[in-house]
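Participant: Chain P is fixed; fit chain Z onto it per the hints.
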Amino acid sequence: MFKSLAGRALVPVGIAVTGFVVVCFLLLYSAIKNIVDRDSAVNATNLADTVLKSTRYAMLKNDYEILTTVISNVGQQKGVEHIRIFNKKGIINISTHPEELNRQVDKTAEGCIICHAGKDPVTTLGKMEQVRIFKNGRGEETISITTPIYNEPECSNAACHVHPAGQKVLGTLDIGLSRKSLLDSLASIRNQMVAFTLMILLLTVGGVTALLIRSVFQPLQKLSRLAQQAETDELPATPPSHFPRELDTIAQSLYNLNQKLRSARKDAETSGKNLDTPQ
Amino acid sequence: MTETSDKQPAPGAGTGPSQRDNLLEELRSDIKRLTTLSNRGLWAMSLFALVSMMAWRDFPLLPLPDSVTAALGAPPSPSMISLVLLLYTFSAIILSLSRMMAGIEHKSSFCHVGYLTGFFLFYHFAKALHDNYWAVFGAGITILSVESYRIWSYCREALVRKNEQLEFAKKHGRLPPEEQ
Numbered sequence: 000m001f002k003s004l005a006g007r008a009l010v011p012v013g014i015a016v017t018g019f020v021v022v023c024f025l026l027l028y029s030a031i032k033n034i035v036d037r038d039s040a041v042n043a044t045n046l047a048d049t050v051l052k053s054t055r056y057a058m059l060k061n062d063y064e065i066l067t068t069v070i071s072n073v074g075q076q077k078g079v080e081h082i083r084i085f086n087k088k089g090i091i092n093i094s095t096h097p098e099e100l101n102r103q104v105d106k107t108a109e110g111c112i113i114c115h116a117g118k119d120p121v122t123t124l125g126k127m128e129q130v131r132i133f134k135n136g137r138g139e140e141t142i143s144i145t146t147p148i149y150n151e152p153e154c155s156n157a158a159c160h161v162h163p164a165g166q167k168v169l170g171t172l173d174i175g176l177s178r179k180s181l182l183d184s185l186a187s188i189r190n191q192m193v194a195f196t197l198m199i200l201l202l203t204v205g206g207v208t209a210l211l212i213r214s215v216f217q218p219l220q221k222l223s224r225l226a227q228q229a230e231t232d233e234l235p236a237t238p239p240s241h242f243p244r245e246l247d248t249i250a251q252s253l254y255n256l257n258q259k260l261r262s263a264r265k266d267a268e269t270s271g272k273n274l275d276t277p278q
Numbered sequence: 000m001t002e003t004s005d006k007q008p009a010p011g012a013g014t015g016p017s018q019r020d021n022l023l024e025e026l027r028s029d030i031k032r033l034t035t036l037s038n039r040g041l042w043a044m045s046l047f048a049l050v051s052m053m054a055w056r057d058f059p060l061l062p063l064p065d066s067v068t069a070a071l072g073a074p075p076s077p078s079m080i081s082l083v084l085l086l087y088t089f090s091a092i093i094l095s096l097s098r099m100m101a102g103i104e105h106k107s108s109f110c111h112v113g114y115l116t117g118f119f120l121f122y123h124f125a126k127a128l129h130d131n132y133w134a135v136f137g138a139g140i141t142i143l144s145v146e147s148y149r150i151w152s153y154c155r156e157a158l159v160r161k162n163e164q165l166e167f168a169k170k171h172g173r174l175p176p177e178e179q
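Respectively, the protein sequence lines represent chains P and Z.
Under numbering that gives the first Met the number 0, the first residue of the first sequence carries the number 0, and numbering increases by one thereafter.
Under numbering that gives the first Met the number 0, the first residue of the second sequence carries the number 0, and numbering increases by one thereafter.
Wrong hints could be hidden among the right ones.
[As the list claims (entries may be wrong)] Here are a few chain P residues that sit away from chain Z, every Cβ distance over 10 Å (derived from the structure): (1) S39; (2) N72; (3) R102; (4) K134; (5) T145; (6) Q217; (7) A229; (8) E233; (9) A236; (10) P238; (11) S240; (12) H241; (13) D266.
[Unchecked claim] Listed below are several chain Z residues computed to face chain P (Cβ distance under 10 Å; list not exhaustive): (14) I93; (15) M99; (16) A127; (17) G137; (18) I140; (19) I142; (20) V145; (21) S152.
These are computed hints drawn from the structure, not numbers from a lab.
By construction, the Cβ of each residue, glycine as well, lies at the ideal position given by its N, Cα and C atoms.
Isolated chain P, as found in the complex:
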């Protein structure tokens, strides 16, 4: 394979083009995945803010019924895995899953251990750092955002219920969104990109191979046959044609040389000399 002209010409080009296209595909997919992940995190953060703003008035009024109704309605939205509000001690006060109510949050669960891995839990997180991606109990990938509910002057001054002014955080809102549709979209993008990459590779490598075979290797084989015919003095009577320009010069020279050899041989035959035996 490596001894033939075709192998020598096509192997490095094939490796280089295939490798470069694959690297481009991998980098492009990674970039798309990052953008999609960042957008989904922004969407989850916006949803958490929306829930907090929608429930703020009910919290101020300590209206448990409106609070649970709002949370329940938002929780019924497609793709929402869970919404829960737990107090500072980690007891779940409101949840879209009733069986979780009044239970202690499992700090060793995959979504919680990220902040609770150390002796002291992480208390200050940036907007993007509040977002966690983990697999839930059913093995489905979930994006979750935890937003602290801060104590505001309206809360500590309200007559209805008591929150000391010194208490910084009243509780935590935890929202989990399913990443199934997102992963399905990414898989679809990936499959399309794989198909496009394969088609580009096939067109590029196949196109280069076809052109080289048609324009270089086949004329070379024809020239090689012509040389063999010249060696055995079986060249056709008409000059060779249909060669690319560079090979045409060689073919014409070969033909002319053969013609000169023929006429020299004829002359020698008439004068009784033999050209084939060395002098």
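Facilitator: Same frame as chain P, but now just chain Z:
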């Protein structure tokens, strides 16, 4: 033609036995050097495979990214590293193909392993190695394959030529006329 050359010494012929031995020794050492050089690409590939295995395990022997970034400052963004990786892959392939075309002997395989290790480390410290591991691995395999092929084909051609020269030198005590 050969017989004529033997009877009429060409330039460089008529050398003494010590010069003949020196020439043979020189050719043999060239053949040995080229044989060793032809495997250089495979050694570089093996070293890259070793580095890739370490990268796959998140460089267990290195300090954690947080401690390194605390000491050295924030790493470049993953998108910036990806852009540089793309440019580097493109340039390295073009350079290798150009050297192949010009028939230049250049032993550059191991420096590529160094550059690729650098990309692994940058992604590691930017905490983006998981997403970009296969891109660096693919770039490495491509560049090192093209480089290995270039070095191997160069050495193969040179070895054929040197062996012919050696055979000629053994018979005639000098290099073929076209090599002089």
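Participant: Taking the numbered hints from earlier one at a time, note which ones the structure violates and give those numbers from smallest to largest.
Facilitator: none
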